[in-house]
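J.: Residue numbers (the numbering used here), protein chains in the order written: chain A, 1 to 171; chain B, 1001 to 1447.
Keep in mind the hints are simulated off the structure, nothing from the lab.
All residues carry an ideal CB built from backbone N, CA and C; glycine is no exception.
Worth double-checking, as some hints may not be accurate.
On the chain B side, residues computed to face chain A include the following (Cβ under 7 Å) [stated by the list, open to error]:
#, residue
1, I1049
2, I1051
3, S1065
4, A1068
5, A1069
6, I1072
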Amino acid sequence: MELDKLRELIQIFEQSKISEMELEDGGTRIVLKKAQAVSQVIPHAPVVSPPVYVEPPSAPRVETALPKVSSSAPVSEPAEGDAADDLEGLVTINAPMVGVFYAAPAPGEPPFVRVGDRVEADQTVCIVEAMKLMNEVTAKFPCIIEKILVENAEPVEFGQPLFAVRPVEEE
Amino acid sequence: MFRRILIANRGEIAVRIIRACRQLGITSIAVYSTADQDSLHTSLADESICIGPPSASESYLHIPSIIAAAEICDAHAIHPGYGFLSENAKFAEICRECNIGFIGPTPEAISLSGDKAACRRRVREAGVPVVPGSEGLVSDPEEALAIAKEIGFPVLVKASAGGGGKGMRTAHNDVALKNALSLAAAEAEAAFGNPGVYIEKFIEGARHVEFQIMGDQHGKVVALGERECTIQRRHQKLIEETPSTGLTPALRKKMAAAAVKAAKAINYTNAGTAEFLLAPDGEFYFIEFNARIQVEHPVTEEVTGADLVVEQFRVAAGEPLEVDALKPTGAAIEARVYAEDPENNFAPSPGLISRCHLPGGPGIRVDSHLYSGYVVPRYYDSLLAKVIARGRTRDEAINRLVAALDEFTTEGVRTTAKLCARIVESDGFRRGELSPTFIEQFLPRAK
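All chains, please: the whole structure from these sequences, using the hints.
T.: Written out as structure tokens, the structure is:
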């Protein structure tokens, strides 16, 4: 297969919602698999068609994905998606709700945390404001702030990574 | 007119509202839970924002998240769709306080239609017949017995805050009534946080007929014809049609006038529905008012040519009604396609739809969020699609609907499409002989 064609194929595959594809073309066999597809399956994982069904030809697809899901289920919050590329070994603290991100308790005051800071479990790292309510976001475990991923006063969605942190073993 | 509208809903109705926005050049903003990341409304909207985890109470029902999303996206108005926050007076009130337009009735009208006992009283005082029953709430068993003696058994005990058949009990005698009273109150308390119940006469064999209402902010209210919704299972509608085979032109006129009177009695604006029971003897009774755009609104749209969602936008923005004196022509029937297995007691059937084919052709409209590769989440209502057939005659609409439903394909997920086709083509349906027990009687025969 020509390189251009392969590149195009990968592009189409990346933009699609399929997690795995196999192609045989003139003796060449190509298998494409998406890494994060596994985590996308999680919300729907318990959906296994009962064996009494005769028809659904698609069911095995979901079923085969199951063992992968259970074996690789994340223990803490792993860095997901795009953020994972340059943040190897780090985990993210994500927005617990949709709202506006504030790095400091009030305008003009120093931020809760800076890059390089070590924070303890339950320490406040920022505020997400929703409907005039200031919701404090805390670290779930001791860690070092490696990167702040959003700007002050920036709108954030639910689940959006706010900080990339390196977990610290408790002494 | 609003230039940016946030849609606080999901599924087919979110897609329907996004399409209305597009048509008018309004920027549509979708909100979605993490379970709906790949849902059609998320990708179809001009902008989309994730508001929470799969659980509805933390996403589509979570008022602070919806309002925060509206503020972040600078939405001028919110369309709540149906279900979720659509009939939540507190939400409509908060929108008003935050200066965000609410595309629906006022918080006061929502409150009143949600308090069924109070609404019933108000509508009766306006001169609209209501089902014989208690004046207001009933909690004392002796009082309940006295009322039942007066109106005659069987009676229904209904939750004032009720809906979807919850907090509703039938009683045929004294002992059953005492039990029904406490059971319905307990169920209502659990489901709605409000134990208030009232009593109505149970009218056997009554048909369920509703009238589409549209009201503007200048005091004008119109009724846009009826919808027959008698074909239900577990108090949930499955097939709706207009015109109803149970109405004569004279009766239709009388009921439409009563529907307008009921809407005016509660100062109703925007789209809503007045529900009536139509007894076998031709008497009709108001039962409740639905303060939202309804699932089955396309049936009315197909025969009148009106776009009710667009009218909702216009009316909410303060513009006068434009749907006056629309004359319905022909017939329209809607079938609801749920992700449920009719052969397995309607068990939910979520999962991957590996291949999807939606029907088309003359007179066929499909409102749906389905596509090949879509995974039906298990967290929400199982409605997948509405197939609406229009015809010059009822028979033509039936033939088109049956053909369309037989064409409807969703590999990997069981649906009610074929069941609906069998019901609609049955002799009983074709003759228009509909009763509340139609499906119960039909199901054993279908097997």
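J.: Once the shortest beta carbon distance from I1051/B to chain A is found, is it less than 7 Å?
T.: Hint holds; I1051/B Cβ to chain A Cβ min 5 Å, cut 7 Å.
J.: Double-check I1072/B for me: the hint is only fine if its C-beta lies closer than 7 Å to a C-beta in chain A.
T.: Hint holds; I1072/B Cβ to chain A Cβ min 4 Å, cut 7 Å.
J.: Regarding the hint that A1068/B lies at the interface with chain A, is the smallest CB-CB distance below 7 Å?
T.: At about 4 Å, which falls below the 7 Å cut-off, the nearest Cβ of chain A leaves the hint on A1068/B intact, so it holds.
J.: For the restraint on I1049/B, tell me whether the closest CB of chain A is nearer than 7 Å.
T.: At about 5 Å, which falls below the 7 Å cut-off, the nearest Cβ of chain A leaves the hint on I1049/B intact, so it holds.
J.: Hey, does the A1069/B contact hint survive, CB to chain A under 7 Å?
T.: At 5 Å from the nearest chain A Cβ, A1069/B passes the 7 Å test, so the hint holds.
J.: Holds or violated: S1065/B as interface residue toward chain A, Cβ cutoff 7 Å?
T.: Interface hint status for S1065/B: holds (5 Å vs cutoff 7 Å).
Checked against the numbered hints listed earlier, the structure breaks none of them; every hint is satisfied.
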